[in-house]
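The lines below spell out each chain.
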Amino acid sequence: MSATIEEVETQRTEENYLTADYGIWSWFFTTDHKRIGIMYMISITFFFFLGGAAATLMRLELMTPGGDVVQAETYNKLFTLHGVMMIFFFLVPSIPAVLGNFLLPIMIGARDLAFPKINLASWYFYMVGGLFTVWAILAGGVDTGWTFYTPYSTMFSNTSVILAVVGVFINGFSSIFTGLNFLVTVHKMRAPGMTWFRLPLFVWAMYATSIILVLATPVIAVAMFLIILERSFGVGIFNPKLGGDPILFQHLFWFYSHPVVYVMILPGMGVVSEIVACFARRAVFGYKFMAYALLAIAVIGFLVWGHHMFVSGQSMYGSMVFSMLSFLVAIPSAIKIFNWTATIHKGSLSFDTPMLYALGFIGLFTIGGLTGLMLASLAIDVHVHDTYFVVAHFHYIMVGSAVMAYLGGLHFWWPKMTGRMYPEIWGKLSALVVFVGFNLTFFPQFVLGYLGMPRRYYEYPAEFQVLNVMSTAGASILAVGYVLPLIYLVLSLWLGPKVGSNPWNATGLEWQTSSPPPKHNFDVTPVVKEPPYAYSEERNLT
Amino acid sequence: MAGRVDAIFLALIAFSLFFTFAICFLIIYFAVKYRRGSKADRTTTAHSGALMEFLWVFIPFVIVMGLFVWATIVYYHQYRAPDDAFEIYVLGRQWMWELKHPEGKKEINELHVPLGRAVRLTMTSQDVIHSFYVPAFRIKQDVLPERYTSVWFRPTKTGTYHLFCAEYCGTRHSGMIGSVIVMDPVDYESWLANGLEPESMAASGAKLFRTLGCSGCHDVNSTVRAPLLDGVYGHPVPLETGQIVTADERYVRDSILLPKSQVVAGFKPVMPTFQGRIDEDELLKVIAYIKSLGKNVRVER
Amino acid sequence: MTDVAHASSPHLAHHFEDMGQQRASASLGMWTFLGTEVMFFGGLFAAYCAYRFSSPDAFRIASRHLSVLLGSINTAVLLTSSLTVALAVRAGQTGDRKEQVRYLLLTMLLGVAFLGIKAVEYSMEFKDHLVPGWNFSYSVLHIPSDVPERTAERTELFFVFYFFMTGLHALHMIIGIGVFAWITHRARRGEFTPEYHTPLECSGLYWHFVDIVWVFLYPLLYLVDLHK
Ligand code: HEA
Ligand code: HEA
Ligand code: CUA
Ligand SMILES: [Cu+2]
Chain A
1 MSATIEEVET QRTEENYLTA DYGIWSWFFT TDHKRIGIMY MISITFFFFL
51 GGAAATLMRL ELMTPGGDVV QAETYNKLFT LHGVMMIFFF LVPSIPAVLG
101 NFLLPIMIGA RDLAFPKINL ASWYFYMVGG LFTVWAILAG GVDTGWTFYT
151 PYSTMFSNTS VILAVVGVFI NGFSSIFTGL NFLVTVHKMR APGMTWFRLP
201 LFVWAMYATS IILVLATPVI AVAMFLIILE RSFGVGIFNP KLGGDPILFQ
251 HLFWFYSHPV VYVMILPGMG VVSEIVACFA RRAVFGYKFM AYALLAIAVI
301 GFLVWGHHMF VSGQSMYGSM VFSMLSFLVA IPSAIKIFNW TATIHKGSLS
351 FDTPMLYALG FIGLFTIGGL TGLMLASLAI DVHVHDTYFV VAHFHYIMVG
401 SAVMAYLGGL HFWWPKMTGR MYPEIWGKLS ALVVFVGFNL TFFPQFVLGY
451 LGMPRRYYEY PAEFQVLNVM STAGASILAV GYVLPLIYLV LSLWLGPKVG
501 SNPWNATGLE WQTSSPPPKH NFDVTPVVKE PPYAYSEERN LT
Chain B
1 MAGRVDAIFL ALIAFSLFFT FAICFLIIYF AVKYRRGSKA DRTTTAHSGA
51 LMEFLWVFIP FVIVMGLFVW ATIVYYHQYR APDDAFEIYV LGRQWMWELK
101 HPEGKKEINE LHVPLGRAVR LTMTSQDVIH SFYVPAFRIK QDVLPERYTS
151 VWFRPTKTGT YHLFCAEYCG TRHSGMIGSV IVMDPVDYES WLANGLEPES
201 MAASGAKLFR TLGCSGCHDV NSTVRAPLLD GVYGHPVPLE TGQIVTADER
251 YVRDSILLPK SQVVAGFKPV MPTFQGRIDE DELLKVIAYI KSLGKNVRVE
301 R
Chain C
1 MTDVAHASSP HLAHHFEDMG QQRASASLGM WTFLGTEVMF FGGLFAAYCA
51 YRFSSPDAFR IASRHLSVLL GSINTAVLLT SSLTVALAVR AGQTGDRKEQ
101 VRYLLLTMLL GVAFLGIKAV EYSMEFKDHL VPGWNFSYSV LHIPSDVPER
151 TAERTELFFV FYFFMTGLHA LHMIIGIGVF AWITHRARRG EFTPEYHTPL
201 ECSGLYWHFV DIVWVFLYPL LYLVDLHK
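So the sequences go chain by chain: A, B and C.
Following the working numbering, the numbering of the first sequence begins with 1 at its first residue and continues without gaps.
Following the working numbering, the numbering of the second sequence begins with 1 at its first residue and continues without gaps.
Following the working numbering, the numbering of the third sequence begins with 1 at its first residue and continues without gaps.
Please keep in mind that the hints were generated in silico from the structure rather than gathered at the bench.
Misleading hints may appear alongside valid ones.
[To be verified] The calculated lysine to aspartate or glutamate pairs, modelled on DMTMM-like cross-linking and capped at a C-alpha distance of 25 angstroms, are:
no., chain 1, residue 1, chain 2, residue 2
1, A, K117, C, E201
2, A, K117, C, E37
3, B, K268, B, D248
4, A, K241, B, D281
5, B, K106, B, E146
6, B, K268, C, E153
7, A, K241, B, D254
8, B, K268, C, D146
9, A, K241, B, D279
10, A, K117, C, E17
11, A, K241, C, D146
12, B, K106, B, D41
13, A, K529, C, D18
14, B, K268, C, E149
15, A, K241, C, E149
16, A, K346, B, E107
17, B, K33, A, E530
18, B, K268, C, D18
19, A, K117, C, E191
In this text the structure is predicted, and so the values were computed from the model without any measurement.
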């Protein structure tokens, strides 16, 4: 199976998934999971930079205590746009819909996902949802925050709430379709010999993620639907004057949105497991525990949503239960951190770009997660709820960890997806820039938050300025760190050196087929004979 | 209270630093020691992974549950106001805070309180959800429309402290700020006397009680059989349904707006609703009056 | 029923190994989809329960106005249609083309009857000015004068849920009937054989699910105050 690079290059005719068909329609009507993954990649990149541009403006505004760059209305629309784009249209689909789509069937030795047409439909739903949201922006923007809290969103805001909510609603179908497809594919389409405990952890992560996508997304659909009803007809569902309960919306919203934070992080954990094993040339320590931990997070994650509502007026005993469960959900995360560390032990480590991102992930996720524990502590959350402490917590996890994992995965599988290698030097440099810029941006926000600066503030007392300036400075470095990969990855499509099927000498079925893979992934259905991560001395060729 | 919250916070920081440093140290140490090409010993002993896994599930579990219990106890005390607290009424609206002292003095975006005395805020909103946040006291509580929430604090140092609205409430959310001014009790008294509004909350409530016609039924001399309200507040009330509820603000408010929803045991549901006839401001006053009727044991007619 | 026959079936999509795998995938996919539907209606039921709990009187008063008779007839109609679907699927398993078509048509007929009765109910409620956000007024509910206005106002909430939930249910029915139209077409062409009848089976599952939703809606909406 392990052909040398030269052999591969001569063996392969030009026939791969990219060259199998030509023309724009061969993309728009494709049912090939790999092409759909690429289409997702292009679209989420667009939404990421849109959200990033909003962040840039916000950080500029926050450089001074007064309001000078934009108006208060505009600022409120900016953070709403930023949150909605980044969560619903970038981070939720990022790893699952791009890397998962591309790799999951190949990793389990299947020719495609179980329902290729539904997979294509998911991309269209995603795009239509995105367009509605962009339309909402063009129609004047939305100023409710990504949480759409009632009764503000239903009775008081006079911005394009409905358009944005419709966008989020439609986008929900794309999540459901992706999740459904992954679940069925993992269950039914594994290659001969690919038993459950031979699945790479990335596949396990996708599986756990899909459970959440399938079960949680319908609930936000209900919440969004009710907002539309209430806002269009004023029937009183969330209007306390007519007997409605604004808190009910928060319950529905967080019932989705808490589990969905694990949709954003579990795939990252999967990616990091692959990368760490490959660059440490060791099997992941405690493989089964890692798989169970993923499932445990997905399941317990459904029971902790009330920790976003400690000061909302929910019952005190309810808060206590939610707090305890939030502490519990940290345990499986701890297992993962410890096992990665143990994997590195006695490995043979090299520090290529993907590994740098993975190590960055471990460090930043530790910080983000441990501050999550502080938020889960009732007494502390009363103080720091809705302050920059929360903002820092979730950026540490979502930007510091999840985006890092996405970038790491992108670099790791880039040669597989495109058949070309990016310039390693630039890769390492931008990983470093991202790491430094990130910490400079968001660490000061922990301090700001504990000092009491509330979030969603367009102006703030002057005493908070120094820390805010640091944060803005960091954000500009971070922007450079994100623009760099965009440039060199795109350039590598033409300038990068061609690579063989397995440039990292990794295990895993995806590395046994050519780069880029042929249209149906494998010429012969592979038969799996060994557990994953069977790294050994002979494989340590490079 | 601030001290107790900070103590947990510091403990959690210590705990987090320990784990962060431990993990970063191990990663860097391994990264150097086991870098590719190094001569480190890589022979693995076939030790049982399961034992390790058990240890690093069990130890964090114990620590974490300890932290949970600690934080929850402090929270419990943050939540329960002491009995000697005096009451201030807070009305949030886009985008200002209206605060009313029991003596009737009204302030906008500023709250003067005496040093050392527990203060309990009874809060409601006229429009959307706001959140009353004083970082220096480590307190925060959402303020909801058509509902009362409360929060309490005991200032321990004179000075001026930030008051923020912490729940996003629209365009000028960041302008919905003010300050809490903690004064020496003596200064506070003179501040209070200075420009005191002619009437206390309770006194205006007493007037309303008459003008709205409540006294027609609830007065001792009334011919309608209605419960006396002296001492109701803060005490358990048996209901027709067999339930026993405590007469808090919410209960009194509901009794006035939705009398049919909670009928006192032994009485007929004849009390009309005052929905639409009484506004938030007046409600607060009537409630203040009913509270002022003392906490003496309930007089049965 | 040999595997060789499966592998060469014209219905086998390129990415499956054999018909067994394809059928198992389709049915697991359908079950998963129904799982999402359960969560969707579950969210609504949770919201309904929250309000039923906070305004019990209003819900009782409002529910009295619905026609238990029509609701019960509809329940019977729908349950019968579940039976006919089951028979159609059974006919699919035996490959009896005529039976398939007959039972499918019968199911669609019952579905249309359900929607017709529902439409009658809707139009009555419309005439009575009970459509929230459109022409709502609780005057027809003959609310006793001792009921506070606030409770009376909350009857609107009941009707919000009534229209929203039955409306969504009806939408599911319409989609179901549309799907059956297409399935019937395929059945008539004799596409469903003992070897291959997955589409028939999956659409049958869907129809059963829609029925089950109604089995929950019926008591929650119509029978709130039956003992009076
Ligand atoms: C990917 C996203 C993501 C992830 C994975 C998490 C993970 C966690 N989050 Fe976070 N969170 C958000 C995204 C995320 N969060 C967002 C977006 C918000 C704000 C939403 C808004 O209001 O706009 C938020 C808000 C938020 C709140 C509400 C704050 C408030 O508004 O007042 C709380 C409170 O409990 C919380 C807790 C937690 C906990 C306990 C975890 C745990 O899962 C973390 C577990 C991880 C670890 C614990 C670290 C690893 C372990 C070790 C290093 C070993 C040592 C550990 C032990 C011994 C236990 N989060
Ligand atoms: C995946 C999720 C995600 C990601 C990646 C980010 C990325 C960033 N976020 Fe995030 N943020 C959220 C999710 C995310 N955020 C959410 C959910 C909220 C809450 C919203 C709410 O309250 O409703 C929030 C809120 C939020 C706030 C708080 C606003 C407030 O409460 O008032 C701030 C403030 O600093 C901030 C900053 C940033 C910065 C600097 C980045 C950087 O990492 C971004 C870096 C990227 C770029 C900078 C783009 C690349 C550069 C260019 C395209 C240059 C060209 C630009 C111009 C010419 C203008 N974010
Ligand atoms: Cu009031 Cu924010
Ligand atoms: Cu959460």
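Evaluation of the provided hints:
1. A:K117 - C:E201: Within the cut-off at roughly 20 angstroms; holds.
2. A:K117 - C:E37: Given pair K117 (chain A), E37 (chain C) holds - Cα atoms ~20 angstroms apart, limit 25 angstroms.
3. B:K268 - B:D248: holds, 21 angstroms
4. A:K241 - B:D281: holds, 16 angstroms
5. B:K106 - B:E146: holds, 21 angstroms
6. B:K268 - C:E153: holds, 23 angstroms
7. A:K241 - B:D254: At roughly 13 angstroms apart (the allowed maximum being 25 angstroms), D254 (chain B) and K241 (chain A) satisfy the hint.
8. B:K268 - C:D146: Roughly 11 angstroms separates the two Cα atoms, so the pair holds.
9. A:K241 - B:D279: Measuring from Cα to Cα gives roughly 12 angstroms; hence the hint holds.
10. A:K117 - C:E17: Judged against 25 angstroms, a Cα distance of about 18 angstroms means the pair holds.
11. A:K241 - C:D146: holds, 20 angstroms
12. B:K106 - B:D41: violated, 76 angstroms
13. A:K529 - C:D18: With a Cα-Cα distance of about 22 angstroms, the restraint between K529 (chain A) and D18 (chain C) holds, given a limit of 25 angstroms.
14. B:K268 - C:E149: Status holds; Cα separation ~18 angstroms.
15. A:K241 - C:E149: holds, 12 angstroms
16. A:K346 - B:E107: Violated. K346 (chain A) to E107 (chain B) sits at ~67 angstroms, over the 25 angstroms cutoff.
17. B:K33 - A:E530: violated, 29 angstroms
18. B:K268 - C:D18: violated, 75 angstroms
19. A:K117 - C:E191: holds, 21 angstroms
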